[in-house]
Amino acid sequence: MEETKIQIKDFFSRFFDVDNLADDIDIFANGYVNSLFAMQLISWIEKEFSVAVEDDDLQLTNFNSVNAITGFIERKSSIVA
Amino acid sequence: MSEHKIKVLIWDLDNTLWDGVLLEDKSVSLKPGVKDVIKELDRRGILQSIASKNAHDDAMAKLKEFSLDEYFLYPQINWNSKSESVDTITKSINVGIDTIAFIDDQPFEREEVAFVHKDVLCLEDSEALSLLERPEFMPRFVTADSKNRRLMYMNDIERNKQEESFSGPADKFLATLDLKMTLSPASEEDLKRAEELTQRTHQLNTTGYTYNYDELREFVESDDHDLLIASLSDKYGTYGKIGLCLVERGQKFWTLKLLLMSCRVMSRGVGTVMINHLISEANKAGVTLRAEFVQTDRNRMMFITYRLGNFEIIDQDGDKYMLENNCQNVAETPAYVSLNVVRNERVDLVEAV
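For the record, the sequence lines run as chains A and B.
This note's numbering applies: residue 1 is where the first sequence begins, and numbers increase by one.
This note's numbering applies: residue 1 is where the second sequence begins, and numbers increase by one.
There's no promise every hint is true.
Calculated pairs, DSS-like style, for lysine-lysine (alpha carbon to alpha carbon, straight line, at most 27 Å) [as the list claims (entries may be wrong)]:
(1) A/Lys5 - B/Lys39
(2) B/Lys64 - A/Lys9
(3) A/Lys47 - B/Lys147
(4) B/Lys64 - B/Lys53
(5) B/Lys161 - B/Lys192
(6) B/Lys172 - A/Lys9
(7) B/Lys147 - B/Lys172
(8) B/Lys252 - B/Lys161
(9) A/Lys47 - B/Lys172
Distance ranges between label pairs, derived from CB positions [unchecked claim]:
(10) A/Ala52 - B/Tyr213: 41 to 47 Å
(11) A/Ile25 - B/Ser165: 38 to 44 Å
(12) A/Ser50 - B/Thr176: 31 to 37 Å
(13) B/Glu127 - A/Lys9: 53 to 59 Å
(14) A/Ala22 - B/Met138: 17 to 23 Å
(15) A/Asp23 - B/Glu221: 47 to 53 Å
(16) B/Glu221 - A/Asn30: 37 to 43 Å
(17) A/Ser43 - B/Asn78: 43 to 49 Å
(18) B/Glu221 - A/Ala22: 22 to 28 Å
(19) A/Ala29 - B/Glu127: 39 to 45 Å
(20) B/Glu188 - A/Ala29: 36 to 42 Å
(21) B/Asn78 - A/Ala29: 30 to 36 Å
Simulated from the structure, these hints should not be mistaken for lab results.
For glycine and all other residues, C-beta sits at the position ideal for the given N, C-alpha and C.
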């Protein structure tokens with residue numbers, strides 16, 4: 001889980017400064033993100049963690065913070081396993 | 001689809017653009033009339049590139065001698081297969097493969113390209129002079145943006161070089177660009193460009209609806225609709241008019257019928273700025289913001305943009321969606337772009353009474 005968080009922040013760092021980014025900060029509400037980032041985030045999650053992000057999964061609450069993404073990946077991975 | 005427009009023409013060099021083979025004959029001469037074709041296509045906003053098996057530096061020097069070097073974006077002069085070169089150009093310019101035409105005198109090369117890219121229009125060298133009469137090479141309008149298209153792409157190449165050599169997060173780079181976005185009601189002169197945008201834009205298009213000049217004009221004159229056009233500039237120059245949105249204003253909710261952005265500004269994050277602006281306006285008006293969305297095989301990015309932009313699915317019928325944002329939360333405009341909103345000066349009759 002901690003490892004996933006590090007991976008996510010590492011990915012984020014390509015787009016914005018993550019030095020003081022708390023795990024529960026809503027990155028979408030805070031002007032960090034744009035549509036390209038959103039698209040790349042989804043593609044990255046699908047590739048990096050081998051999970052399929054379905055249309056129904058495209059909820060802001062699944063992706064709006066480090067914690068949310070970590071939780072989403074864990075839920076998706078456990079279904080596959 | 002009946003009228004398929006070409007956005008990029010890729011030229012072979014030896015015996016297509018010029019007579020002779022450069023490796024064998026240093027004094028090749030341009031085919032008669034070809035230069036005029038190149039210049040006219042350029043004026044129409046059709047981009048051009050090169051896929052040639054040649055020594056790069058020699059061929060570029062020859063093009064320079066003919067004063068043609070500046071007309072070609074991402075020229076691929078190397079020993080790769082032409083299909084690979086076509087692929088590289090298509091990806092670099094970021095257009096759909098079905099908007100590419102390729103002209104070459106050798107049947108083998110045309111077949112090789114057609115085999116790998118079945119949607120590419122492959123032409124023989126003998127067809128070069130008649131290109132200008134073909135409907136695929138005739139945009140309905142030539143706008144200021146089409147005439148400047150190549151230059152705007154050249155600016156992009158310069159920007160991209162800077163971006164590639166920039167180490168650090170993307171938003172830090174964007175902050176160095178001094179991005180300025182202007183949103184204004186479309187004027188009469190904007191309608192040609194607006195029509196062009198609805199017809200040229202597929203990836204970053206929420207519904208794929210195309211509107212012609214007259215339809216767009218009706219929206220501009222309608223009291224219930226706002227047709228907004230976005231332009232963008234930065235320290236390297238203008239990107240031109242790069243975005244469009246059509247909003248239908250109702251009592252309880254507004255409906256975004258169409259939102260599209262030119263692919264050239266994909267990495268600038270300005271689509272979100274446009275959506276945020278509308279959410280903020282809807283919030284002030286006390287309405288919600290709905291958005292029509294029609295799924296295609298190319299526009300998933302826009303679906304993700306809406307969905308992660310807090311738009312809920314309130315209705316779905318096959319590939320058609322109705323999305324809604326309650327407009328309670330207005331996200332901040334990213335710090336790297338400044339937004340200038342030009343208001344319509346139409347007199348509001350209701351308030352006047």
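Consistency of the hints with the structure:
1. A/Lys5 - B/Lys39: Roughly 54 Å separates the two Cα atoms, so the pair is violated.
2. B/Lys64 - A/Lys9: The given pair, whose Cα atoms are some 47 Å apart, is violated under the 27 Å limit.
3. A/Lys47 - B/Lys147: 40 Å, violated
4. B/Lys64 - B/Lys53: It holds: about 17 Å lies between the C-alpha atoms, which stays within 27 Å.
5. B/Lys161 - B/Lys192: 32 Å, violated
6. B/Lys172 - A/Lys9: The given pair, whose Cα atoms are some 16 Å apart, holds under the 27 Å limit.
7. B/Lys147 - B/Lys172: Not OK: B/Lys147 and B/Lys172 at ~32 Å, beyond 27 Å, violated.
8. B/Lys252 - B/Lys161: This hinted pair is violated, its Cα atoms lying about 47 Å apart.
9. A/Lys47 - B/Lys172: 26 Å, holds
10. A/Ala52 - B/Tyr213: 41 to 47 Å: 42 Å, holds
11. A/Ile25 - B/Ser165: 38 to 44 Å: Once the Cβ atoms are compared, 30 Å apart, the range 38 to 44 Å for B/Ser165 and A/Ile25 is violated.
12. A/Ser50 - B/Thr176: 31 to 37 Å: 36 Å, holds
13. B/Glu127 - A/Lys9: 53 to 59 Å: Holds, since B/Glu127 and A/Lys9 (Cβ atoms, about 55 Å apart) stay within the stated range.
14. A/Ala22 - B/Met138: 17 to 23 Å: The hinted range 17 to 23 Å is violated for A/Ala22 and B/Met138, with Cβ atoms some 56 Å apart.
15. A/Asp23 - B/Glu221: 47 to 53 Å: 51 Å, holds
16. B/Glu221 - A/Asn30: 37 to 43 Å: Because 40 Å falls inside the window, the suggested range holds.
17. A/Ser43 - B/Asn78: 43 to 49 Å: 29 Å, violated
18. B/Glu221 - A/Ala22: 22 to 28 Å: 50 Å, violated
19. A/Ala29 - B/Glu127: 39 to 45 Å: 55 Å, violated
20. B/Glu188 - A/Ala29: 36 to 42 Å: At 39 Å between Cβs, range holds.
21. B/Asn78 - A/Ala29: 30 to 36 Å: 47 Å, violated
Of the hints listed earlier, those the structure fails to meet are numbers 1, 2, 3, 5, 7, 8, 11, 14, 17, 18, 19, 21, in rising order.
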